[in-house]
Amino acid sequence: MSDQIKTFDRLVSATKRIETSKKRARAALVGAEEPSYLKMTIRAAEEGLIEPILIGPKNKIEENAKANDLDLSSLQIIDRDSKVDMIIETVKLVVDDKVDFIIRGNITTGLMLARMFERPNGLRVRKNILSHLAIFEHELYPRLLIMSDGGVTVAPNIDQKLGIILNSVRVANMLGVEMPRVAMMAAVEVIYTAMPVTMDGAVISKMQDKGQINNCYIDGPLSMDVALVPEVAEQKGVKSEVAGRADIIIMPNIETGNATYKAMSIFAKAKTASVIVGGKVPIALSSRCDTTDNIFNSLVLASFIALNDK
Amino acid sequence: MIKSSQEIIAAAQKLSQNGKRRRISVAVAQDADVLGAVRSAYDDGICDASLFGDGQKIKNLSEENQISLDGLDVIDQPDASKAVLQAVELASTGEADAVMKGFVSTSALLKGVLDKRFNLRAGSTLSHVAVLTLPGYHKLLMVTDGGMIVKPRLEQKLGILKNAVLVGKALGIDPVRVALSAAADTVIDKMPQTKENAELVKIVKAENIAGCEVAGPMSFDFATSADVAAMEGIDNPVAGNADVYLVSSIEECNITTKSMIIFARAIFAGVIVGARVPVSLVSRTDPVIGKKTSIALACLVSDYYRRTEGEG
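Same order as they appear, the protein sequences are chains A and B. Counting in my numbering, the first sequence runs from 1 upward without gaps. Counting in my numbering, the second sequence runs from 1001 upward without gaps.
Hints listed in this document are in silico derivations from the structure and should not be mistaken for laboratory results. Every value quoted in this text rests on a predicted model; they were computed, and no experiment measured them. The reader is advised that the hints may include incorrect statements.
[What the hints assert, rightly or not] Once the Cα atoms are required to be at most 30 Å apart in a straight line, the calculated DSSO-like pairs of lysine-lysine come out as:
{"no.": "1", "chain 1": "A", "residue 1": "K239", "chain 2": "B", "residue 2": "K1190"}
{"no.": "2", "chain 1": "A", "residue 1": "K127", "chain 2": "B", "residue 2": "K1190"}
{"no.": "3", "chain 1": "A", "residue 1": "K280", "chain 2": "B", "residue 2": "K1003"}
{"no.": "4", "chain 1": "A", "residue 1": "K269", "chain 2": "B", "residue 2": "K1020"}
{"no.": "5", "chain 1": "A", "residue 1": "K239", "chain 2": "A", "residue 2": "K16"}
{"no.": "6", "chain 1": "A", "residue 1": "K280", "chain 2": "A", "residue 2": "K92"}
[Claimed, not checked] Some residues of chain A that are not near chain B, with every Cβ distance over 10 Å (derived):
{"no.": "7", "residue": "Q4"}
{"no.": "8", "residue": "F8"}
{"no.": "9", "residue": "T20"}
{"no.": "10", "residue": "S21"}
{"no.": "11", "residue": "P35"}
{"no.": "12", "residue": "E47"}
{"no.": "13", "residue": "K58"}
{"no.": "14", "residue": "V95"}
{"no.": "15", "residue": "L166"}
{"no.": "16", "residue": "N173"}
{"no.": "17", "residue": "E178"}
{"no.": "18", "residue": "I213"}
{"no.": "19", "residue": "M224"}
{"no.": "20", "residue": "Q235"}
{"no.": "21", "residue": "K236"}
{"no.": "22", "residue": "T256"}
Even glycine gets a Cβ: it sits at the ideal position worked out from N, Cα and C.
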């Protein structure tokens, strides 16, 4: 596991390394007038990480570029005023294989997902579930931590959780984690019939025992501290491949994922990245509480996934 | 207004210095962690304690773990269910101010607390309030309910809210600003929690609860980040300034809270409210400071009950 990626710095260098053998990841920035995204997209382009196309109202993009001292001269801009037109253009670019991933700028996730993934020409991939995936890097944890789903499926059922796990395991594999350790998060680490979340965790964990899910270890239900803190796992007597050293934590619902992500960003000052995976191409996005560095990390992660998919 | 774990402990010590030293009644006290927590609370001048449980086991544990029992009352009662009832009875007579969980399940303890003979029912929902000293936040952040109700119904959420407001008042917070959680800040059809919390805002406002400001649905960053609140520019008395983040499931509370304990180095204290006396419980995995803060918190809540008795 010596080549496992454990920091965002390593993710940047790994992304650059893939690019020497393949083409750079081409990105569509939707709602490109948003200053932070515009800035980070241009930074990623200047660092040789991506080749962006900017989609949005041209006059505003230029205005904001000027205000932020950004050079647009080498970039393609597709001038679109309405959000719906921006989305139609973006879908077209993906379908025509002109871009490898999408960056969500000044547009809401809800509108974007509803429009991009509607049939028949949308970006949905049959059998795949779309999921939001966040990665944390924190000094108190010795590896990158993947969390899902904090942004797409409101209250996933068992089948949807399986889809979320599949998406997360794929990304962990790309990061060099061959057999990722997946924790099904709950309020406790034992099974109570009165807590349906613990039952789901147990069922999925059992499916892995039975060989129905491969390429990862799964334990559930687990509480957050048992999943992530070896001393607590030991104190509570939980022995498993996953306890105390999870690579992936699967949240029971969108509210928990969302609040955890924000607590990690605001108060734990974690380095974060977030993407939507499971569609034809990954989508980089971030939350309004994220720093520009975290926006940059999201772009890098999405391009890394896109390049691995190619 | 009390703003940190240190200040919670200091406020309880001040009660003691003013002749209002609290007494906690420990049910089934043969538990090393609980004994250790009670010992340090006693030594720090936070409270007195009556320990109900198996006297021999308590003595053995105190010797094995070098926890002195000096100054603590030990009442020998080897039968656990009787020990619970005796501990609760002491609180019901007013001799003790709070009940603390020892080597007994929470449900068995609460069954004792709610036993009609003791008249400790307050007719409202029992809920657990987590009080976090959160580095980077300008005051305490309460998150509730992470212990009692798996998935509260609307009327239970109202009870949870009232309990949290009570703890807020016991901490000198006025008004107590309550954010009703969601993954969004507006009502979104696909997210039932946003609808329910929008409804709860109306109910709370109609009830006109004194000393309480409520808003929701609100996502965590909108509730707790002044930057995000300013970015949104909406006139909302809770945005960026929440005292209470009221969530909608036990998982939402437990996982979110633990993420802050593990990664943001938050100090956790907790208390169960909704009966006429607070119920304190500490977890084996809480650090000493957290356990001590939980006990001090129960003391402050019980003092608040005493001060407001008869106010209805």
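Hints and how they fare:
For a cut-off of 30 Å, the pair hint linking A/K239 to B/K1190 is broken: about 38 Å separates their Cα positions. A C-alpha spacing of about 21 Å is found between A/K127 and B/K1190, which places the hinted pair at or below 30 Å, so the restraint holds. A distance of roughly 49 Å separates the Cα atoms of A/K280 and B/K1003; the hinted pair therefore is violated under the 30 Å criterion. Distance hint between A/K269 and B/K1020 is unfulfilled; the C-alpha atoms sit about 41 Å from each other, more than 30 Å.
Using a Cα cut-off of 30 Å, the hinted pair A/K239 and A/K16 is violated, with the two alpha carbons roughly 39 Å apart. Taking the CA atoms of A/K280 and A/K92, the gap is about 12 Å. The hint holds against a cut of 30 Å. A cut-off of 10 Å between C-beta atoms confirms that A/Q4 is not in contact with chain B; the least separation is 21 Å. Every CB of chain B is more than 10 Å from the CB of A/F8 (nearest about 16 Å), matching its label as outside the interface.
Non-interface call for A/T20 relative to chain B: holds, since the shortest CB-CB distance, roughly 35 Å, exceeds 10 Å. For A/S21, the requirement that its beta carbon stay farther than 10 Å from each beta carbon of chain B is met, with the minimum near 36 Å. At roughly 13 Å from the closest C-beta of chain B, the C-beta of A/P35 stays outside 10 Å, upholding its exclusion from the interface. A cut-off of 10 Å between C-beta atoms confirms that A/E47 is not in contact with chain B; the least separation is 27 Å.
With 10 Å as the threshold on Cβ separation, the claim that A/K58 sits away from chain B holds: the shortest Cβ distance comes to roughly 25 Å. Listed as a non-interface residue, A/V95 keeps its Cβ farther than 10 Å from every Cβ of chain B; the least gap is roughly 26 Å. Look at A/L166: its CB is around 22 Å from the nearest CB on chain B, clear of 10 Å, so calling it non-interface holds up. Consistency note on A/N173: stated as away from chain B, and its beta-carbon is indeed over 10 Å from all of that chain's, at 25 Å minimum.
For A/E178, the non-interface assignment is confirmed: its Cβ lies about 26 Å from the closest Cβ of chain B, beyond the 10 Å cut-off. Interface exclusion of A/I213 from chain B stands, the closest Cβ pair being 22 Å apart, more than 10 Å. The claim that A/M224 is not at the interface with chain B is violated, since a C-beta of that chain comes within 10 Å of its own (minimum 4 Å). Against the 10 Å criterion, A/Q235 falls within the reach of chain B, whose nearest CB is about 6 Å from its own CB.
Not every CB of chain B is more than 10 Å from the CB of A/K236 (nearest about 7 Å), against its label as outside the interface. Listed as outside the interface, A/T256 is inconsistent with that label: its C-beta sits roughly 5 Å from the nearest C-beta of chain B, within the 10 Å cut-off.
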